[in-house]
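A.B. asks: The chain contents come next:
2 protein chains.
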Amino acid sequence: MSDDNRFGLARHVRLPGPLALDGGASLAAIDVGYETYGTLNADRSNAILICHALTGDQHAASNHPRTGKPGWWQRMIGPGKPVDPARHCVICINVLGSCMGSTGPASVDPDTGSAYAMRFPVITIRDMVRAQALLLDHLGIPRLRAVIGGSMGGMQALSWAATFPERVQAAVVIASTARHSAQNIAFHEVGRQAVMADPRWAGGDYYDGDAPTAGLAVARMAAHITYLSEAGLTHKFGRRLQAREAKSFGFDADFQVESYLRHQGITFVDRFDANSYLYITRAMDYFDLAEEHGGRLADAFRRTATRFCLVSFDTDWLYPTRESRAIVQALNAAGAPVSFVELSSPFGHDSFLLDAPEMNRVVDGFLRAGE
Amino acid sequence: MSDDNRFGLARHVRLPGPLALDGGASLAAIDVGYETYGTLNADRSNAILICHALTGDQHAASNHPRTGKPGWWQRMIGPGKPVDPARHCVICINVLGSCMGSTGPASVDPDTGSAYAMRFPVITIRDMVRAQALLLDHLGIPRLRAVIGGSMGGMQALSWAATFPERVQAAVVIASTARHSAQNIAFHEVGRQAVMADPRWAGGDYYDGDAPTAGLAVARMAAHITYLSEAGLTHKFGRRLQAREAKSFGFDADFQVESYLRHQGITFVDRFDANSYLYITRAMDYFDLAEEHGGRLADAFRRTATRFCLVSFDTDWLYPTRESRAIVQALNAAGAPVSFVELSSPFGHDSFLLDAPEMNRVVDGFLRAGE
Chain A
-15 MSDDNRFGLA RHVRLPGPLA LDGGASLAAI DVGYETYGTL NADRSNAILI CHALTGDQHA
45 ASNHPRTGKP GWWQRMIGPG KPVDPARHCV ICINVLGSCM GSTGPASVDP DTGSAYAMRF
105 PVITIRDMVR AQALLLDHLG IPRLRAVIGG SMGGMQALSW AATFPERVQA AVVIASTARH
165 SAQNIAFHEV GRQAVMADPR WAGGDYYDGD APTAGLAVAR MAAHITYLSE AGLTHKFGRR
225 LQAREAKSFG FDADFQVESY LRHQGITFVD RFDANSYLYI TRAMDYFDLA EEHGGRLADA
285 FRRTATRFCL VSFDTDWLYP TRESRAIVQA LNAAGAPVSF VELSSPFGHD SFLLDAPEMN
345 RVVDGFLRAG E
Chain B
-15 MSDDNRFGLA RHVRLPGPLA LDGGASLAAI DVGYETYGTL NADRSNAILI CHALTGDQHA
45 ASNHPRTGKP GWWQRMIGPG KPVDPARHCV ICINVLGSCM GSTGPASVDP DTGSAYAMRF
105 PVITIRDMVR AQALLLDHLG IPRLRAVIGG SMGGMQALSW AATFPERVQA AVVIASTARH
165 SAQNIAFHEV GRQAVMADPR WAGGDYYDGD APTAGLAVAR MAAHITYLSE AGLTHKFGRR
225 LQAREAKSFG FDADFQVESY LRHQGITFVD RFDANSYLYI TRAMDYFDLA EEHGGRLADA
285 FRRTATRFCL VSFDTDWLYP TRESRAIVQA LNAAGAPVSF VELSSPFGHD SFLLDAPEMN
345 RVVDGFLRAG E
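Note that the protein sequences, when read in sequence, are chains A and B.
Letter 7 of the first sequence, counting from 1, is numbered -9 in my numbering, and no numbers are missing.
Letter 272 of the second sequence, counting from 1, is numbered 256 in my numbering, and no numbers are missing.
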């Protein structure tokens, strides 16, 4: 990679397959959308992979091409930040199944010439990781200095360490879990049913017409509540009314929290594909790292040479601290070096995306200790 | 009332209005569906009002006329139970705005000859209580031995004590709150948006066609998650798969929790009106007993002569124990007699509807102490 990507370069490549998937199907070729920051050093040892969450993308530290908004992890990546393009070659890859340049249900199926839609194979977190490994092969990156992710990004980081232990020097797993709980699955199922209940979804074949934006917005609203803490919602909105001074005794958004949620739903559908939402939530629900290794989580890390750093947030009720602790215990049982901290934040699961100086200090110290 | 209602008698009455509503509108006349168990004694002092929750009904201790299922609180009401028709004249009233015999959006608007639909006025918990008071007037019941309710039923019990302090000897408030939090409102808003996103909802005018069952089912699924605890869901379902032995790598209900949730959604729409769901959730979101009394909850009970009993459940995250505690503190500040207990149960908010011997002992002891 040349110097011109020091400040972020959006890239795209088509990689030859076949990519064999956990579900038994395979993809003949895959598109991969990704972005890089910084330069790979001479001995190819300074690459850091950033893994994004469910509705994230490869634009971690640059403006989103559709919304124009700043990258979702500019607080973590940048000059003087824990992940610094001056020291690191940073790569962020749109996950398989998503809709920002990587192959997913909205992509054209080469066998039919039209969108895969629901004919796209169901994928797993490990499939996403395998696709990422193909890209690293293509880029000539044998080994990662670190793989870092929050939420579903943390699942990928765990899966990387379990699937390609020799390629991962260090893994940072933030606000994440080694398996989806019944409640996690339940919330995702509500979202999927909301999408599928929208007549415009049409069995997934909506690409030539109107997208199921109403259903997808409802799905996003339900999910968004789980990203915030009860206390955070109370602090941010409480029972405060919109600009009007009194209740309307109607069904407009009287409360600020209603208006906020509706806004979350409406803006989301402009940047995300409904079928991708179905596939990625399914991959997350299927995620159970212990199950992939005979039922014992420690066995997922039996061959590991990776150093681990786990971070949880005390108000995260989507992936509570006990989920991180279970991972730490498994790593201990496997003899893997691991540091773990629960940070205090009022903002629930979304804390990892927000201003969290302690998180940055933890990640910075952990990365420097290995450099 | 005569002896023939000892084992439950479904009743219905049209009461002359006008019933003035908090929103400024009024209803010229109201239908009230209710059920009674037991006999009013000579001095009319043994009446107990049971208040139902959001999707409940008047059939607290008798089979539901549509589903055939046992009454929702047969564990609390019946021979030898805390509320005993042998001692008490038990009355359970379908709330205003609902769809089981009381006036609501599905009722015919006398002014137009067709269903109110969204032309029904937005109502409050206090409006429901006022309608119940009209029925008690009609039945010649000046004063209640007790008003008892869980969840939204608890809100009504609180509102009864605040609105008609001279008519309520005792109030039992279970798994409830004195105001809806931002998170409570957020979940309800998701449900309302799910209903309204269903094209069949048609602005509420669906009574001559197909009801918005898909949207209402999604709303119910989202709400149902909040009625259960994370631990309860894990205990009941965990990540267990349906009968099939392996994941389907498709979008059928692979996990038991998915199948369970879908069933909750599908069965709900057979017994409930979507517009009623909108109106009653709105009433709950508007509920803020302190706000109705100048912003200080204790002032809601300034004139009270009511004895109170509060019960919360430790795994209820919809209306957590701290909400009950806030009510107890306000009652203490108002000098009202109150007993309070937090019970341990793995089942979250729904615990009050399940087998809870401790809850029954608490309610039984509280009622007997006043008899």
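Hints listed in this document are in silico derivations from the structure and should not be mistaken for laboratory results.
Among the clues, some could well be false.
Note that the list lumps identical chains together, so a pair holds whenever it fits in one copy or between two copies.
Here are the simulated DMTMM-like pairs of lysine to aspartate or glutamate, each with C-alpha atoms no more than 20 angstroms apart in a straight line [claimed, not checked]:
1) K65 - D189
2) K65 - D348
3) K231 - D272
4) K220 - D68
5) K231 - D348
These numbers were taken from a predicted model, which means no experiment stands behind them.
A.B. asks: It remains to establish, for every hint, whether it holds in the given structure.
C.D. replies: Hint-by-hint comparison with the structure:
no., hint, in the structure
1, K65 - D189, "neither (43 angstroms within a copy, 56 angstroms between copies)"
2, K65 - D348, "within (8 angstroms within a copy, 62 angstroms between copies)"
3, K231 - D272, "between (46 angstroms within a copy, 12 angstroms between copies)"
4, K220 - D68, "neither (32 angstroms within a copy, 46 angstroms between copies)"
5, K231 - D348, "neither (48 angstroms within a copy, 39 angstroms between copies)"
Comparing the model with each numbered hint stated earlier shows that hints 1, 4, 5 do not hold.
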